[in-house]
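Enquirer: Using the sequences plus the hints, can you model the full thing?
Each residue of the sequence shown is one higher than the last, beginning at 2 in the numbering used here.
Read the hints as simulated data drawn from the structure, not as lab findings. Accuracy of the hints is not assured; some may be wrong.
Between beta-carbon pairs, the in silico distance windows are [said to hold, decoys possible]: (1) Pro32 to Cys84: 12 to 22 Å; (2) Asp77 to Leu100: 15 to 25 Å; (3) Arg85 to Glu40: 10 to 20 Å.
By construction, the Cβ of each residue, glycine as well, lies at the ideal position given by its N, Cα and C atoms.
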Amino acid sequence: MENKKKKQNELLANVSGLISYCPLCNSSFHPRNVSIISEGDNIQLLHATCQYCSSAAVILLVVGDIGVRSVGLVTDLTQQDICRFSHSDYVSSDDVIGLHGIFNVENRIFDLI
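Expert: Here it is in structure tokens:
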């Protein structure tokens with residue numbers, strides 16, 4: 002079991018270098034612009050910023066028994082934003098319904114003008 006974990010950690014370390022192309026301009030990410038936000042036994046959350054177009058991506062890498070899976074998301078969040086929001090409360094369905102009600106009231110006000 003310990004050997005399997007060691008292999009997974011080595012694989013994660015190697016795969017981090019494979020996150021190499023910006024999804025918007027297709028330029029290579031410079032390694033200094035890819036940061037590990039958080040990591041676990043078989044998972045890493047990365048933030049990458051393109052030095053050419055300044056776009057950013059959040060990448061989730063997961064090592065499983067069948068290999069490595071990744072999910073990327075283009076974002077306007079900085080690494081600091083992600084760290085800050087990761088400690089925030091979740092948005093509940095009540096929050097969404099409440100915001101919807103506020104927008105409906107504002108729309109009615111604009112209709113009256």
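Enquirer: Flag every earlier hint the structure violates by its number, smallest first.
Expert: When the structure is compared with the hints, none of them turns out to be violated.
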